[in-house]
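From first to last, the protein sequence lines are chains A and B.
Just so you know, the working numbering puts 310 at position 310 of the first sequence, and the rest follows in order with no gaps.
Just so you know, the working numbering puts 112 at position 112 of the second sequence, and the rest follows in order with no gaps.
Keep in mind that the hints were calculated from the coordinates and are not lab data.
Fair warning: this is a prediction, and the values are worked out from it, not measured in the lab.
Backbone N, C-alpha and C fix where the C-beta goes; we use that ideal spot for every residue, glycine too.
One or more of the hints may lead you astray.
Claimed, not checked - Computed Cβ-Cβ distance ranges for the label pairs, DEER-style:
#1 261/A with 135/B: 41 to 51 angstroms
#2 75/A with 221/B: 38 to 48 angstroms
#3 232/B with 40/A: 53 to 63 angstroms
#4 35/A with 167/B: 49 to 59 angstroms
Letter by letter, the chains look like this.
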Amino acid sequence: MKLMWFHLMPYTELPADFREANPSVWVDIHSKLFDPKRAHLMYNDFMDELEYAAQCGFDAVCVNEHHSNGYGLMPSPNLIAASLARRTTDTAICVMGNSLALYNPPTRVAEEFAMIDCISGGRLIAGFPVGTPMDTCYAYGTNPSQLRQRYLEAHDLVMRAWQEKHTFAFNGRFNQQRYVNIWPRPVQIPHPPIWIPGGGSVETWRWCAEMDYVYCYLSYYGYKAGRATMDGFWAEMKRLGKQPNPYQAGFLQFVGVAESRGQALDLYSEAAEYFYGRCLHVDARWATPPGYTSEGSQRAGIESQIKQAADANVRGKSTGERFASVAREMDAIVDKGYVIIGSPDEVAEQLREVAVNLNVGHLMLLLQYGNMSKRVAKYNTRLFAEQVMPKMKDLFSEWDDRWWPQPMDTAQRADIPAFMPHLAAE
Amino acid sequence: MSDFETLAIDVNGFPTRVWRKGSGPRLGFLAGFGGLPREVPFLHELAKHRTVIVPSLPGFPGGDRGHTVLDTHLDWVLAVREILGKADLVGADLAGSSVGGSLAAEVAAIWPEAVRKLALVAPFGLFDEGDPPTDPWAQRGDAVAGLMCADPAIWTALKTAPEAANSVEWPIEQTRASEAAARIFWPLGNTKLEKRLPLISAPTLLVWGAEDKIVPRSYADRFAKAITGDTEIKVIPDAGHLAELDQPTAVAEAIVGWMA
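Excised from the complex, chain A in its bound form (with noise of 0.2 angstroms):
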């Protein structure tokens, strides 16, 4: 199976009173609490974090796309994936990823996309999310009626303009483009693995099993919320006759490995207590932009909670309901599984269950999250990658991954010179 390393970069340094004193984390987050010159160190230990890993032997890095969010620092996860593209040698890059309604034109994403295509020989997975309601209604203002058509005629383009040979015109409902010709094109052909993040809707597992896409269930809140999702996915799999193959599927999961259960909790409860409670302090004003739900959605989430389903846990909640009943203390979080602690042993135990009950062929682990120190991070990174990640690389060998990137033989891709800073001042 494959183990992915996922940044978020967040802020590290809102104040303890943060819940408190604000109303929000993201969208309407002030400006005061953010220091550029302390942003300037985040984002250097967080590349620097992402870059270990991929020195640690994780099969990808992964970075992705919030905008006005206090505990997500990449509007632009391109400018990170391109630095990664020469700081990494076999790593895949996944970029997950640009959320397509937010480009104007959105051939813009076929085009930064095709330059860390090109940039890395070929290593990038490309997720196209359709964006949460704080980052696509409110912070970029996109109409939330027409959200989920913009995206998908967006993905139309993009894709097409990855494929075809030679110049068209692109006549869409949103979009008219009278002449679309990217250059650079990607190295990956037909074009690069697509990712889709989803979050539970019936209309986008349908489509993600009928384009062969990964569908990717990218939670804050663990397995156990998460397993009604994947098992819906699968259950539209089989209903369409496709193979369960867990390879088209992803899954995130926060983990806190250390030597013991115990020292793991010392390492990891402030960190995971400054996520769950700072970071995901989401004012309910921003969740439910009308139309941003699919009536069908709309529909089974009402149904679900009618009948009381087990799976009202997530599926019948609300983005606002979701946030509003998030665990704030160690206990809780992991006791409802959002972070999964122990010591190597224990957390490949509970991680092979999780991959296997969910039938998630790509895990992507958030190593670092909260106000986890670079040290922190690098301790739980290296211990995963030495004493987690052997205990687990065997799981369904007996499948193919067909959604990976297809790089470059080593030998036609260029040698990238050592990072020696010094030299220029010389």
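We have chain A already, so just place chain B on it with the hints.
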């Protein structure tokens, strides 16, 4: 007390509800934010004096999913013009509230012969950075009632499912109404209507709830100043954004008086 005749017209392939009641000259009404999931006393007040015709707007209750095919403001304005034609309202007096008020103003500006006299209750469509309208789509659920009506219980009663209603479809219909408004007015409520107001030659009454928490009272003056036809501003005490829900009699009398 329902003695409304209910008709269905076709709008871009979507069945669209039209209510009709009363006698005398025709008076159209285009409802505001949230639409009309059920009859309200205001309509019966109007029907005491006039033949009241109340077509639903696409995506609002009674308007099916008609909003889903309207992508641009031109699409919306054309749909409303088509609705007025099919509802037998061309050349009649026209009143509109909030979202519906903005669209009524558009029709009066672009097709002056289509509207005899106009009444607008706190219409959407303008945006002044120095005095912005409240964002109705960025609210906690429990805050909306108090923003729409001076008496929140009136909005809550309008939006609470009747016992006979489908408990799954009713809330979806209410969300759809908010979505349809968003589809026209997201994110600021600014459709650049200001450019077209000078084209309105119909005599225009501007009705404002004294306690409107959505569109500031100052916008009445902006409308009045820009509209070419005669205008008058009538402020209704103890009324919020949807003044016709808070004070059905006072608003109906003001409108009927203006149309006389």
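Going through the hints against the structure:
no.: 1; hint: 261/A with 135/B: 41 to 51 angstroms; in the structure: holds (47 angstroms)
no.: 2; hint: 75/A with 221/B: 38 to 48 angstroms; in the structure: holds (40 angstroms)
no.: 3; hint: 232/B with 40/A: 53 to 63 angstroms; in the structure: holds (60 angstroms)
no.: 4; hint: 35/A with 167/B: 49 to 59 angstroms; in the structure: holds (50 angstroms)
In this structure, every one of the numbered hints holds.
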